[in-house]
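Construct all of the structure, not just a fragment, from the sequences and the given hints.
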Amino acid sequence: MSLDVTDADPGPMDSEPAGDVTPVASETRRAVTGNRLRDGRPVYFIGNGRWSDTIDEAAHVAAEEAERLLTEAQQGKPHPVVAPYVFDVTVANGRLRPVSLRERIRAFGPTVGLRR
Amino acid sequence: MYRYDEFDRRFLEARVAQYRDQVRRRLAGELSEDEFRPLRLMNGLYLQLHAYMLRIAIPYGTLSPEKLRMLAKIARRYDRGYGHFTTRQNIQFNWIKLEETPDILAELATVEMHGIQTSGNCIRNVTADPLAGAAADEIEDPRPYCEIIRQWSTLHPEFSFLPRKFKIAVSGAVAADRAAVRVHDIGLYLRRNAAGEVGFEVLVGGGLGRTPMIAKTLRAFLPKRQLLPYLEATLRVYNEFGRRDNLFKSRIKILVQSLGIEKMREAVEAEFAVMGESPLELPPETIAAISAHFAPPPFAAAAEEDEAALEEARASDPAFARWVARNVVRHRVESYAIAIVSLKPPGRPPGDVTAEQMERLAELAEIFSLGEIRVTHEQNLVLPHVRRGDLPELWWRLRAADLGHANAGLASDIIACPGLDYCSLANARSIPVAQDLSRHLAARDHEIGELRIKISGCINACGHHHVGHIGILGVDKNGEEFYQITIGGSADENAALGAIIGPAVAADAVTSAVDKLIDVYLRERREGERFPETYRRLGAAPFKEALYAAH
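Taken in sequence, the protein lines are chains A and B. Each residue of the first sequence is one higher than the last, beginning at 22 in this note's numbering. Each residue of the second sequence is one higher than the last, beginning at 58 in this note's numbering.
Errors might be hidden in some of the hints.
Calculated Cβ distances over 10 Å to all of chain A for the following chain B residues [claimed, not checked]:
#1 286
#2 406
#3 478
#4 486
#5 538
#6 582
In silico contact screen, one side only, chain B against chain A (beta carbon under 7 Å); selected entries [stated by the list, open to error]:
#7 88
#8 90
#9 91
#10 106
#11 155
#12 159
Hints listed in this document are in silico derivations from the structure and should not be mistaken for laboratory results. Each residue gets a CB set at the ideal place from its N, CA and C atoms; glycine is no exception.
As structure tokens, then:
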């Protein structure tokens, strides 16, 4: 099924969760992401060999635990995700927000739409 | 245009079957990503931020309605309803699923299309003047030679693992360069020598990216017959001596720079001499056979009422008159015209086209352009063979499809790469900058006149910012997007690299910065002077002052 482009490109200002601009706790946590092999979509490691395309479901750990989380995420064959890596997030009100613009764009979509 | 023969079709079918099996093995885990990556790249499939991106070759930018309809189908069935035309006359789809790519390639093969050699360290799509075969200022149509080079370079056993990618552009115009020839690894101009024979000026070592360079002349006049052996000799020198130890120094421009053009020429001529009589030489009958695929279409005789109808439409509709003034170019046949279809409606992502627009254009090409469409390296399209009397009707229909903007070559006709919104290589976004600028500048377009603004989201320069009259390069400064501005670049026959004008500016300051540069230009320009000429006459000082002096 092909999507109408207006559905597909809502832009980040429409799709980013509201209310997390200033997290209560500004500690940076670490999570693991990659691109799903079969369709290239960004996915997030949630533990137990499972991945989600919703960033809020991502497992997140303190910096010193990041390597362990990544190693856990890399287990399994055939692996459903291409080249998992660690990235920074902040957490507020139970929601995760990537620190870098690049990861925000991956999580929430392009900031441009064809029909804007 | 060139039509595949049975050999070509069987080759493409075999390639699709081979790729289908490679994808099956990758999805089953039988191939690792390291093993699979070069295989998918050889078919133009990248993995970007959100999805796979498929780059489809459009040889020398020439499309038929059938091919364009297939691209619309791909956009609709396998993507999100649109495609993006690139600065190499190709098309990209941003939302592709790996598991569907074998089917996509199978569908493309039915219309003689593919993604072969749109990536990888090989010879890429050969690009050409988009007005080839139609322009009034041409020595000869360059496309037969592009097709010859395409056939020679496809799966070339010696040149499939070059030190780096290799890009060739060809122009057939007498003087103008509409193909950015001088910023290609090899550039070819069709030239006429003192004896009146037509051959090639061969240039080498142009390129953009991290170390931009303008190409130098390798051979001032090369007989047509020797085109492929000479290219072969040049590629052999590159393949042997090009650096493979450092990704950032691996293009042929670096080799030319380090050897110097004299030594480079000596090396190529020596290799060429050793090759002796080559089976690659092009006898006239081979050139004629390929050229037959590009024979002029059956132009209709002029109708008496054509000019009168056109003039009446111009007189009665200022918007149409503006479109004719900007977007219509003289054709070599007096009763015809070339129409530039702008894919830059102010505020929209440059070069993006919906499936519906593609289908509309396919229909318009059939009705108004003798079945041809071209892609330009400036991310617009061209209907190359339009009867002058049909221009009013064509424009109405283009406008209805949001394709009738009269801004070809103006400030709002911006080139931009996909940038950080899509591309995994990018440092900053380029499309929102382009959108904001084009919205802001559209009202000043006709006051400003020709102005080429080009935006890249990283130093790889896919937006050609180095050769923009105003170039904008996105950079990452401590996690924030900043934009470095260059001025004075040019991609035409007076090719020049833009000069950095000062410190990078914040994202929300780009539009006002460009405004100030334009204000200086408008204040200082002489009659008929374009932006690069004003800059060359005055130097950077007044522009720097406008942008950076404390007020």
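Does the claim that residue 582 of chain B lies off the interface hold, with its Cβ farther than 10 Å from every Cβ of chain A?
Answer for residue 582 of chain B: holds, closest chain A Cβ roughly 33 Å.
Against chain A, with CB atoms and a cut of 7 Å, does the hint on residue 106 of chain B hold up?
Hint on residue 106 of chain B: holds, closest Cβ of chain A at ~5 Å, below 7 Å.
Tell me if residue 155 of chain B is really an interface residue toward chain A, meaning its C-beta lies closer than 7 Å to one of theirs.
It holds, given that the least Cβ distance between residue 155 of chain B and chain A is near 6 Å, below 7 Å.
Does residue 91 of chain B pass the interface hint, meaning its C-beta sits closer than 7 Å to a C-beta of chain A?
10 Å, violated
Check on residue 478 of chain B being off the interface with chain A, judged by Cβ distance over 10 Å
4 Å, violated
Regarding the assertion that residue 286 of chain B does not contact chain A, is the least Cβ-Cβ distance greater than 10 Å?
Residue 286 of chain B is indeed farther than 10 Å from all Cβ atoms of chain A, at 42 Å.
Interface restraint verdict for residue 159 of chain B against chain A (beta-carbon cut-off 7 Å):
12 Å, violated
Grab the minimum C-beta distance from residue 88 of chain B to chain A and call the hint holds if it beats 7 Å, violated otherwise.
With a minimum Cβ separation of about 10 Å from chain A (threshold 7 Å), the hint on residue 88 of chain B is violated.
Hint validity - residue 90 of chain B Cβ closer than 7 Å to any chain A Cβ
5 Å, holds
Check on residue 538 of chain B being off the interface with chain A, judged by Cβ distance over 10 Å:
At about 7 Å from chain A, residue 538 of chain B fails to clear the 10 Å cut-off, so the statement is violated.
Decide, holds or violated, for the assertion that all CB atoms of chain A are farther than 10 Å from the CB of residue 486 of chain B.
About 6 Å separates residue 486 of chain B from the closest Cβ of chain A, which leaves it inside 10 Å; violated.
Since residue 406 of chain B was said not to touch the interface, does its Cβ keep a gap of more than 10 Å from each Cβ of chain A?
Incorrect as stated: the minimum Cβ-Cβ distance to chain A is 6 Å, not above 10 Å.
Of the numbered hints given earlier, the model fails hints 2, 3, 4, 5, 7, 9 and 12; all others are met.
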